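Knowing the structure of chain V, use the given hints to seat chain E on it.
The listed protein sequences correspond, in order, to chains V and E. Mind the numbering: the first sequence is residues 1 to 282 in our numbering, read in order. Mind the numbering: the second sequence is residues 283 to 556 in our numbering, read in order.
Residues from chain E shown here face chain V by an in silico Cβ test under 10 Å; the list is partial:
#1 R346
#2 R382
#3 F389
#4 R408
Simulated from the structure, these hints should not be mistaken for laboratory data. In this text the structure is predicted, and so the values were computed from the model without any measurement. The beta-carbon is built from N, C-alpha and C at its ideal position, and this holds for glycine as well.
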Amino acid sequence: MYLSQKSSDRRSLLNKVLTVVAGAFVVIALIPLLAVLTYVLIQGFGSLSLDLFTQLPPPPMVKGGGIANAIVGTLLMVGLASLISVPIGVGAAIFLAEFSHPIVGRWVRFATNVLNGVPSIILGVFVYGALVYTTKTFSAYAGAVALSILMLPTIIRTADEALKIVPQEIRWAALGVGAAKYQTVLMIVVPAAIPTIITGVTLAIARAAGETAPLIFTALFTQFWPNSLTQPTPSLAVLVFNFATVPFKNQQQLAWAASLILVLLVLTTSVISRFALRRKTF
Amino acid sequence: MTYSSPQTHIQGQSQADEVALEAVNLNIYYGSFLAVKDVSLKIARNKITSFIGPSGCGKSTLLRCFNRLNDLIESFHIKGQIYHENQDLYSRRVDPVLVRRRIGMVFQKPNPFPKSIYDNVAYGPRINGFKGNLDELVEQSLRQAVLWDEVKDKLKQSGAALSGGQQQRLCIARTIAVQPDVVLMDEPCAALDPISTLKIEELMNELKKQYTIVIVTHNMQQASRISDKTAFFNVQATERGGKQGYMVEFDDTVNIFTNPREVQTRDYVAGRFG
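The following block holds chain V by itself, in its conformation from the complex (with noise of 0.2 Å):
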């Protein structure tokens, strides 16, 4: 059989060895997720219990309490974020598949994957210029805006690519039956894409949710309820990172367990998302 494969060949041991290479690296490339999840779920584990999502946070030295004030300040910052953020960023992602001149298009798509490269923390010192320090106090709107700037660029690039995988024939069809560019787009491309949005707008939120440095700058941290949105407001994010950095006990198990709320969050989010894309008509 003068085409049996020798096994002691170069060119097969090579393909042998490049396989194992290749899969080594994959390997190497999950150990930090399955590390930091396994972590997160052992540490926080263990401090989950019903107190923490109806107390507040207890002061130094004290048992007990919980991070409620934290997640419904998380929740209540993202929230406002995505009203803001949503509208336009599908807006302009709208223009941008639809209406656009390619050459306007190409420099808008530019604009927003520079925005999505900007530090977050700079968008915490531009809003904190811009609301904090004009109106004088931190304050959840001051967080939400700084949320939403960082959430527009992914929810702009993935409603943009989501009308972009809309069959141009689509388009025509509609047309062809005498519908307006704008009955055409609200009515058959935009209803056709909503699976892939949701996707982007989940992504968008999973990452709102979990950062802090904007935060920090412009929602800042209470130990209270967040009972105006004129006033400082807790995250769990920021909550994680001044709990987790003083020398108290109880402060820290709270900071583990905020953490694996924060994990858990992006994790369902991420689940969401998939799930909508399955239902994806294109």
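Same frame as chain V, but now just chain E:
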């Protein structure tokens, strides 16, 4: 939106009533590049006219001029005129959206909207402000497209779940639901199996009682089977290395396939090139 105006039936009316579309010295450009050269032809009302010719001869490009779908291409423009009901379709005052309501189009690849079967058909009438009984119109359109019996129990299901041939008939139903004057078909059977193709051809023969049909096809048997008139297009290389389409011959289908005037046409229909 209906076309039962009495004057079309008066004897001795001018020839204009028999002509659904007319191209006069039509030159189609992409930028400065002349893609289709100097076409003049009259499309007869309530007849099937087919455009045949090798790839790149501009027959699809020409077809898309008739409902101004080429407007979507940035560099596209024409010289010459296309008339529909004595109106120049490319006149400044003409609204391309209204042109497309009168002159519908069926595409090569079946392209149902990602919506239910019902909504696919109802979309056109809805956006056109249809005031009558929508259920009735949907049923009537699906019947005309010979799809009703196959889908009447699943109108709420997605159009994408149908077979290719059914999807194409759904697209035809969607087009005629707007009650256009002319239906343009751009290789409507290219993606279909022979049985689905036959169904569409039978359907076209029914449709021509009510509509004028222009079809682009690569299938010469199809052209000879279904069409009353046939235009043959050919392609030539330009000095700048591009390809330029032009119309070689336009005549009754019988003449094109049995007794063409031009040698090029004879060679093409005999299968000697293309």
